[in-house]
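Please build the complex by placing chain B on the supplied structure of chain A, with the hints as guidance.
So the protein sequences, as listed, match chains A and B. 28 is the number of the first residue of the first sequence in the numbering used here; add one for each residue after it. 461 is the number of the first residue of the second sequence in the numbering used here; add one for each residue after it.
Honestly, I wouldn't trust all of these hints.
To be verified - The list that follows gives simulated cross-link-like pairs (lysine to aspartate or glutamate, DMTMM-like), each with its CA atoms no further than 25 Å apart: (1) Lys576(B) to Glu153(A); (2) Lys526(B) to Asp159(A); (3) Lys250(A) to Asp620(B); (4) Lys489(B) to Asp159(A); (5) Lys470(B) to Glu153(A); (6) Lys54(A) to Asp554(B); (7) Lys54(A) to Asp159(A); (8) Lys72(A) to Asp555(B); (9) Lys250(A) to Glu628(B); (10) Lys579(B) to Asp620(B); (11) Lys250(A) to Asp555(B); (12) Lys579(B) to Asp159(A); (13) Lys470(B) to Glu69(A); (14) Lys250(A) to Asp622(B); (15) Lys508(B) to Asp554(B); (16) Lys685(B) to Asp622(B); (17) Lys503(B) to Asp474(B); (18) Lys470(B) to Glu673(B); (19) Lys54(A) to Asp530(B).
Stated by the list, open to error - Residues from chain A that face chain B, not an exhaustive set, calculated with beta carbons under 7 Å: (20) Glu153; (21) Ala157; (22) Met161.
Claimed, not checked - Here are the computed distance ranges between Cβ atoms for each label pair: (23) Gly48(A) to Gly654(B): 50 to 60 Å; (24) Asn567(B) to Lys54(A): 27 to 37 Å; (25) Tyr49(A) to Glu476(B): 19 to 29 Å.
These aren't lab readings, by the way, just hints derived from the structure by calculation. Built from N, CA and C at the ideal position, the CB exists for glycine as well.
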Amino acid sequence: MKVEKNLQDNFIFQSLTHIGGYFIFTKQSMQWLFRAPYRWPEFFKHMEFIGNKSVFIICLTGFFTGMVLSFQIYLGFSLINAENLVGPTVGLGIFRELGPVLTGLIVSARAGGAMAARLGTMRVTEQIDALDVMGISPLQYLVSPRVFAATICMPLLTAIFDAVAMLGSYLLGVHFLGLDEALFIDKVNNMIDPSHINEGLFKAACFGFVFGTVCTYQGYNAKGGARGVGDATNAGVVISMVSIIVMDFFLTKLIRIYLGWTSL
Amino acid sequence: MKAVEIQELKKTFDGENYVLKGLNLDIEKGNIACIIGFSGTGKSVLLKHLLGLYRPSSGVISILGKNIADLQDSEISSFRCNFGVLFQDAALFDDMSTLENVMFPINEYRKDLSYKERKDLAAAKLDQVGLGKEHFHKLPSQVSGGMRKRVGLARAIALDPDIILYDEPTTGLDPIMTEMVDDLILSTHRSRTGITSIVITHDLHAAFRLGDEIAMLDKGKVLLKGTAEDFFNTDIDLVKRFVEKGVKKT
Chain A
28 MKVEKNLQDN FIFQSLTHIG GYFIFTKQSM QWLFRAPYRW PEFFKHMEFI GNKSVFIICL
88 TGFFTGMVLS FQIYLGFSLI NAENLVGPTV GLGIFRELGP VLTGLIVSAR AGGAMAARLG
148 TMRVTEQIDA LDVMGISPLQ YLVSPRVFAA TICMPLLTAI FDAVAMLGSY LLGVHFLGLD
208 EALFIDKVNN MIDPSHINEG LFKAACFGFV FGTVCTYQGY NAKGGARGVG DATNAGVVIS
268 MVSIIVMDFF LTKLIRIYLG WTSL
Chain B
461 MKAVEIQELK KTFDGENYVL KGLNLDIEKG NIACIIGFSG TGKSVLLKHL LGLYRPSSGV
521 ISILGKNIAD LQDSEISSFR CNFGVLFQDA ALFDDMSTLE NVMFPINEYR KDLSYKERKD
581 LAAAKLDQVG LGKEHFHKLP SQVSGGMRKR VGLARAIALD PDIILYDEPT TGLDPIMTEM
641 VDDLILSTHR SRTGITSIVI THDLHAAFRL GDEIAMLDKG KVLLKGTAED FFNTDIDLVK
701 RFVEKGVKKT
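Next comes chain A alone, as it looks inside the complex:
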């Protein structure tokens, strides 16, 4: 019995318990997604929160990211007289990596943190228990619509980020750095393939699913009072951000090496 107790206190044991709990939680949430009654009003409410309310911050970040990336690449490429490649280089970087990753980080911090805090508060104030005793699955009502909305919203937000970042790159390059407008557009058209954009959008959907499940899992399992909610929010955001960056590497490898989706 004592050995069992020591094992339960062990960090590795606790981590494995959490990982196992997360996968079971995710599986159950996905199962509830396809069971009636479908929670469309909840889904659209969360789409509005995760999607619409993130548009401004995504546009702002995207615009400046596009500009700063153009400027840095311009400084480097001007040393070897390759300024005309600034547009496509920025495009490839934005569409394939920076777009989905930065959108994932920003939205997970904004919406993921709010999701974890909301569910954590509902847990400690017994609102989740109240749903349970009414015979309504909290996973179906609270978790599945949030995860689905995050998965759908992320590619849409990434597309907006990509477009605004390219606009920022174009404005800085053409109007302030003196790049040729026709060459800029032509090179971007020739070198950027739709598969590059799709790669980023696919990654974004994966990131949305991950931060949605991680943050709802943390909030749903919050314990204690206000401190528990704070801890759950903190853990949700940190784990989501780290997961997005780590996952980005493996997704890139999966897409490019195993699936062979994209050229270049």
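What follows is chain B alone, placed relative to chain A:
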């Protein structure tokens, strides 16, 4: 007929320490049963077992003739429609108005009714607990603690359940509000025949006033079960002290 029959209920969370240690308890249908005891004696754990939120480590919990320990999760979910619960802090959904809170279970289970009928039903339930139209559109954060309890009770009785559970209904309320909540429990209980009310409380005065049967828990077991009179006439030292302190306080 028994509404609740509990036999040798045991519960441990860590496999070592038992919170409930072979608890036996019967509650007659149509009665108000009060479960009292010091803090940490297992009252809330018992409540969560009754609701099927916890699974027993061993023992039988039979509610309205069904052993809920044998039910699958999905069966427990649908079985919970027989319950109405008033939580300690009412547990109202804080992004919904008071009316929407009461309409919530009605919307889920009474899809045969039109929107207007559902709204009228929720309004009638709020009216039953003494809340006027002027409070219908307020958020839970905009009403007092007593009003929140009323809304919580209106939501608990929205689907006319057979069993209503009250988890520490008067904790944190002033004496006048406490009496109001007690009156509300009594009037709700009398509003329909056959309702079984289970009140978890440490308010002895309320237990003696409300309870047709009272059970005192200690160390995960029922120490004494009986009427208010049985509690005054008992020889059990711990119960005597609990009664003395409780009576002095009130």
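Is the Cα-Cα distance between Lys508(B) and Asp554(B) 25 Å or less? Since the Cα atoms of Lys508(B) and Asp554(B) sit roughly 22 Å apart, the hinted pair holds (cutoff 25 Å).
Holds or violated: Lys526(B) with Asp159(A), Cα cutoff 25 Å? holds (19 Å)
Given a hinted range of 50 to 60 Å, is it respected by the beta-carbon distance of Gly48(A) and Gly654(B)? 41 Å Cβ-Cβ, so the 50 to 60 Å window is violated.
Run the distance test for Lys250(A) versus Asp620(B): straight-line Cα separation, threshold 25 Å. violated (32 Å)
Return the status of the interface hint for Ala157(A): holds when the least beta-carbon distance to chain B is below 7 Å, violated otherwise. Interface hint status for Ala157(A): holds (4 Å vs cutoff 7 Å).
Lys579(B) and Asp159(A): Cα distance at most 25 Å? holds (23 Å)
Would you mind confirming whether the straight-line C-alpha gap from Lys250(A) to Asp622(B) stays at or under 25 Å? violated (31 Å)
Are the Cα positions of Lys72(A) and Asp555(B) separated by 25 Å at most? The given pair, whose Cα atoms are some 12 Å apart, holds under the 25 Å limit.
Verify the proposed pairing of Lys579(B) with Asp620(B), using a straight-line Cα cut of 25 Å. Judged against 25 Å, a Cα distance of about 16 Å means the pair holds.
Assess, step by step, whether the Cα of Lys470(B) is no farther than 25 Å from the Cα of Glu153(A), and give holds or violated. Holds. Lys470(B) to Glu153(A) sits at ~24 Å (cutoff 25 Å).
Can we keep the Met161(A) interface hint, with Cβ of chain B closer than 7 Å? holds (5 Å)
Need the status of pair Lys54(A), Asp159(A): alpha-carbon distance at most 25 Å? holds (19 Å)
The structure fails to meet hints 1, 3, 6, 13, 14 and 23 from the earlier list, while all remaining hints are met.
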